[in-house]
Every structure is written in C-alpha cells, then in structure tokens.
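Colleague: The chain contents come next:
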Amino acid sequence: MTLVMVVDDDQDLAEMLGIVLTGAGIDVDLVSRGDEVLEVFRNNPPDLVLLDVMLPGLDGIEVCKLIRAESMVPIVMLSAKGDTHDVVRGLEAGADDYMVKPFRHPSELIARIRTRLRRTNADVSGLLTIGDLSIDVTAHEISRGAKKIALTRLEFDLLVALAKEPGRVFTRDALLGEVWGYRHSTDTRLVNVHVQRLRSKVEHDPERPEIVMTVRGVGYKAGVLGGS
Amino acid sequence: MNRIAIKVRTSLASKVIVSTVLLSLGVVWLTGSALYSQLSDGVKQVNLETSLAEARSSFFNAQYQFLLINGAQTSIISKAVQDVIIASTAVSLNQDRKSIFVSRFGIPAKSIGKTPSPDYSTATDGLDVSSFPTELRKRVRSSDLVEYQYAKVRYQNRADANVLIAGRRIAIPDSGNYEMYLVYSLNNQSKTLSLIQSSLLITGLALLFLIGLITWLVVRQVVRPVREAARIAQQFTQGDFSQRMKVESTDEIATLGNAFNDMALSLESQISRLENLSRVQQRFVSDVSHELRTPLTTLRMASEVIYSHRESFDPTISRSSELLVAQLDRFERLLEDLLEVSRFDAEVAVLEPVDFDLVNLIERCIQDVRANSHDHVISINIDHETEHVMIKADIRRVERIMRNLLSNALDHAEDKPVNVTIVSTESEVAIGVRDYGTGIEATALSRVFDRFWRADPSRARVRGGTGLGLSIALEDARLHNGELDAWGLPGEGAHFVLTLPKIAGEQIAGRPIRPQPFDYPQNV
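Line order of the protein sequences matches chains A and B. So in our numbering, spot 144 of the first sequence is number 144, and the numbers just go up one at a time. So in our numbering, spot 453 of the second sequence is number 681, and the numbers just go up one at a time.
Hints in this document: simulated from the structure, not taken from any laboratory. Nothing here was measured: the structure is a model prediction, and the numbers come from that model. Glycine included, each C-beta is placed from N, C-alpha and C at the ideal position. A hint or two may mislead.
As the list claims (entries may be wrong) - Computed footprint of chain B on chain A, listed as stretches where at least three residues anywhere in the stretch have a Cβ under 8 Å from a Cβ of chain B: (1) 2-14; (2) 18-30.
Stated by the list, open to error - Listed below are the simulated DSS-like cross-link pairs for lysine-lysine, each with C-alpha atoms no more than 27 Å apart in a straight line: (3) K81(A) x K147(A); (4) K620(B) x K81(A); (5) K272(B) x K419(B); (6) K147(A) x K221(A); (7) K620(B) x K221(A); (8) K201(A) x K148(A); (9) K65(A) x K201(A); (10) K65(A) x K147(A); (11) K730(B) x K221(A).
Between the sequences and the hints, there should be enough to build the whole structure, so can you do that?
Modeller: Here is the structure:
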C-alpha cells in the first residue's frame, strides 16, 4: 500500500483529505504540527508528503527544507496563496509540485499524487547520456565520470525526459505534461524553478548551462557533449 | 549679461539687492547733486565777493593815486600808472593769478606843448583784449560803478580760461578816461569745485556699495531659511519625510520654520497612517483569502464525494448535490475575482511576462470555453493572418482576459456564432471578439467595464459569471499598457477589442482592429 503523509493544521481538511485518499486506496498518516513532521517521517517513511505551507510550530517551507535535507521523497505543497512569490518560495525549498487551495476537484489532487508516485519514464530503461552525464535509468542513478549526483525523483524524471529525445525542443507546456502530468496548464513557474534547481546540481556553471539548454522563446532541450 | 538677468529673475536675494541698489542710486544722485549745487553756489559767491572787494579797493587806490598827482609832470604820472598796475596785479600766496587791462577811451586830454598826451593803455599776462565781452566794456564806459562779468578770455601764451572780470572807469591826469579791468582767474575755484564733486562721487559710490552689502547681509538672513525650506520640500517630494528645518530664534522666520516643521510632522504621520491602513487592508485581504480557502477546500472535497455518489440518492438529494457543487464553483470564482480586484486596488498586481504564442493560447482558450458550454454549442470561428504570433506578456493574465471575453460573448450570443479575429502589426497585436447577439445600449457602453454591472438585471445568468470579469480584463489589459475597447448596438451584437503591445509594458501605437466592426455599416 502507498503511504502519504498529510501535514495540515486544519483538522477538518486533514480528515477530508484522509477520506478522499483512503477512498482512492492510499494509506494516510496525519500530522498537524510542523515541528512533529520530522519525527513521524523518520519513524514511518512515507512515499509522498502532502505539506501545507502555514503550519503551527514550524513553517511549511522550513519543514520542506528539513525533509529535503535527508530524503528525495516527492513533496507536494498545499498553499492557500497562489502568488508567484509564495509558489516560487515553496518550489525553491525543494517541493516537486504545489497545489493552490481550493483544488478544482479531489480527482485532480489524486491524479497529481499518482503522477508523483508513478515511474514517469517506465518506457525507458538502460543507459542514457546528456552532455557529459550518464544516466542509469534502471538503477535510478546519475553520474559524471565516477562521481554520483543525487537528484530528487522529479529532477531525475525531468532530466530523463530531456535526455531520451536529444534533438527535441520541449516547450514548457510539453514538459508540464510529460513530467508533472498536467494537461492544460500555463503555469511555467513550475518548470522554470525546477530547471534552475536541476541546473544548480548538474551544471558546471549554472549561469552558462551545457546540460539543460534554453531555447529562447520556446523552451528547453538536452545539451550535446562538446557542442553548445 | 543674460546670465545675470536670469540670476536676478530666479534669486530673491539678487532681486532685492539689485532693486535696493538701484533705488539708493536715485536717492544718492538727488541728494548729491543738491549738495553739490549748494556748495558750488556758496564757493562762487564767496569768491565773487572777495574778488569784487579787492577790485574796489584797487580801483579806489588807483583813483586816489591819480588824484594826488594831478598836475604833476608826465614822468611822475607815468611812474604812478606803473605803480598802480604793479600794485593791482600783485597776488598774495594763496591767491589765484590776476591780470590787468587798461584802455583809454573817449577824447584824449589836451596836449601840453609839443608832445601829445601819453596813452597808458596796456594789458598784462598776454591778455587778448579782443576776447573781452563788448557788452561789459560798454557798461563800464557809461557807469561810475564797478561792473563785473564772468567770461571766457583768450591768452596769447596759454590756454583760454574762465575768468571773472571787474572793471571801472578811471581818469588819468593829462591823458584822459580809461577803462580799467582786473581779470581774476577762476582756476582755484574750479579746482575746489571739482574736488567737491569728486569727493561727493566717491562718497556716493561708497554709500551705494555699503547699502548693497547691508542689503545682502539682511536678505541672506531671510532667504537662507526660505532656501532651506525649499530644499527640504524637495526632499519631501522624493519621499524623505525625516528632514526638518532648524529653528534658532523667535522671529517670523522661526514661525515659518515651526509651521513648516509642524506641516512636515503632520504629513509624515498622515502618510504613515495611510501606509499603515493600506498595509492592514492588504494583510486583511490576504488573511481572508487564506482563512476562506481552507474551509472552501474541505467543502469542495466533501461536496465532490457526495456528488460522486448522487446515483444512490433519491432525486431531491441528488439534485441538491448538483446545486451544491455548482454554487461552490461560483463561490470560488467570486472569491478569486474579488481577491484579484483587491490586488489591483492595492496596486500590488505584478506583471510576469514570458514569451509565448498568442494564437496557440487563444485556440486553447476557445477549446476550454467550448468544452465548458454544456448545454448549447456555439461555433467560434478564428480568423488570423499568420500561424504564430509570438508576444511577451503575462500568459496567465492574457489567458484570463481571453476566457472572460469569450465567455462574455457566448453569454450574449443568443446561439449565433462568435468570431475571433487576430491582427498583428510591428509593435502590437489586437484580438477582436465579435458576437451577433443582444448587443449593448449606447448608454450602457461606458459602463460595461464597471464592477458588478449587468446590462439587464432581470436577464438569466446563463453561465453564472461573477460580474467582475470584464472589469478585471480591463485592468489586466492596462497592466500590459494595452487597452480594451467595447462596441455594441442593441440587436446588432457586440465587439470587444483587446490591443496589447507585443512586448508588455511598451506603448501601443494605434488600434490594428477598430472597435466598430467592418461587417457593420460605418455611417450608422
């Protein structure tokens, strides 16, 4: 059974989320305080964390950073604020995805959670290369020479999505569909922030990327070894 | 010169100094010239009286001498004449030079014996007697008194000079009647007068300079606080409200300073109060949004769970769950719109421009709007010249404008088709959304962008719009420096035209699509 940790201080919402997720066949662990998250997380590691931003005890952003420091588990932020500033802050703290309250449909939430739990690149296996990086899709490992690079599952998926079709230019919308599982979305902030985060981990110089290249006005593509 | 004129016009101190000095110049000039004319009159008078007294005594002495030697020998008389001439022209140390002119007139005395009576006519000092005024000589000949006149005479060996001439008729024994003139040089007098003149001039100039200096000092005292106030006021304009004027005395300038500082204090507190209010307001809106959204999320999820089981309920509960879901949808839209409006009002709406293809976006919006129009399918035609129109704009806002315009058009289309036109030029892009439905009254045209305004209050709200859609669309367009225009006629439909700069924030040069549609007669 899949286990999702729901962190929200609103008892009713947490209970409702529990009902909806249980109804979809997902086990739920409810936590209501920010400063209790880490202990529960260590005792019973979940497959995904659903994290509210405004929390008593410890701010959701801080909690996100703490979890990210010791785990690559997918994190979906729940926020009552939809302003870019808040969204970007959450994503930069390490969240893979975010949902602004109120969600349009509970099914939307479940779809997002499923996407984050699924192996998005199930059709790909074996070894891929992007720039001077080699990706072992099966082992879920990235390495530059002998050096291993740790990525979150989402960052891994993003890199694989680019690497498996080296010549293709991906629009931000296409990446949103491919990696996040969104159908109609124009929320390019998600892509921009994650590309930046990915670059800071895999690029030699994030200011002059060679792995994840920007195609101005269109989107991104995989960098070719030795070319620019 | 021009620079000085500008300085005088723009600087209060210069203005006051210049006008004070000019006025003082007039006063000094008047008093100076009055003083000078009085002084010079006095000097001349004294000089005249002295000279005339001396001349009288000389004439008297000469007459007396000649009287004494009446009937004496010619040589004695001649000697006496010489003595008189020498005595009359003798000058004391501080006296000006004197000349004498003696001339016989009338019938000479009868000669004694063979020799004719001697003529003692003479002129000393190289006097040119022809330059003597004839009028004076006429008077002297006919008068028994001392006559005088100012005149300009010529000398043979030096320059012409202004002189005072005093003359009297004198008789010399055995010779006849003579005119005797004493010529007094006015050299000393004119020296004295020019000395007076120059000292007056120097005093006047010094006075003017001092007046200017004093004025400058006084004016500076007044102007410095004014300049200070102006400087501080300028800082206020730039948003620095911490500056205050220094108040060091208890005069009117200090009153100005205190009043200014009071005003500054009041302004500062007013502004911080308003800032505080606006902060509180924004904070409140943000809090409300947060506080409302969490229960709304729970509500929505609960209603969806109920809705998904509606088949197992009896019809009234089933219908109720449908209504619940629909109204929650509407409530949520209303909340979002209200929040957006409050962001515009608080001026915290931020533009986040990205590059994207407008045609692609509009096609997607049309698909979505079409998918949401459950009960009736209206055709939406899109007409554009190029396949892609790349613009740099806030994609979420442009999408929202398009959704609002499209759903507004569908709301009023009365099952007739809706046409969308895209026209792109060098610097801007225009999107026209035309429907052929109910249209808009001319009087209502100016109000379509008002909040919560509805063309016909009694009309059914088919799509359950919030009443804020067009108002937000207009704000969104203006945030891009774009414009949203509306046209409409009752029964002829409506035409909404969005014009955006291709790069958000730049100016739009014109309207590639006119609000008045081409398919409608232009002259009506």
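Colleague: It remains to establish, for every hint, whether it holds in the given structure.
Modeller: Against the structure, the hints come out as follows:
Check on the segment 2-14 of chain A: 3 of its residues sit with their Cβ under 8 Å from a Cβ of chain B, so the three-residue criterion for coverage holds. Only residues whose C-beta sits within less than 8 Å of a C-beta in chain B count toward coverage, and the segment 18-30 of chain A has 3 of them, enough to reach three; the restraint holds. With a C-alpha separation of about 40 Å, the suggested pairing of K81(A) with K147(A) is violated against the 27 Å cut-off. Between K620(B) and K81(A) the CA atoms are separated by roughly 25 Å; this keeps the pair inside 27 Å, and the hint holds.
Straight-line distance between C-alpha atoms of K272(B) and K419(B) comes to about 12 Å, which keeps the hinted pair within the 27 Å bound. Proposed proximity of K147(A) and K221(A) is supported: the alpha carbons are some 24 Å apart, at most 27 Å. Of the pairs offered as hints, the one joining K620(B) and K221(A) holds, with about 21 Å between alpha carbons and a cut-off of 27 Å not exceeded. A threshold of 27 Å between alpha carbons decides the hint, and for K201(A) with K148(A) the separation of about 11 Å falls inside it, so the pair holds.
Between K65(A) and K201(A) the alpha-carbon distance is near 16 Å, which keeps this suggested pair within the 27 Å criterion. The straight-line distance between the Cα atoms of K65(A) and K147(A) is roughly 24 Å, inside the 27 Å bound, and the hint therefore holds. About 26 Å separates the Cα atoms of K730(B) and K221(A), which keeps this hinted pair within 27 Å; it holds.
Hint compliance for this structure: hint 3 alone is broken.
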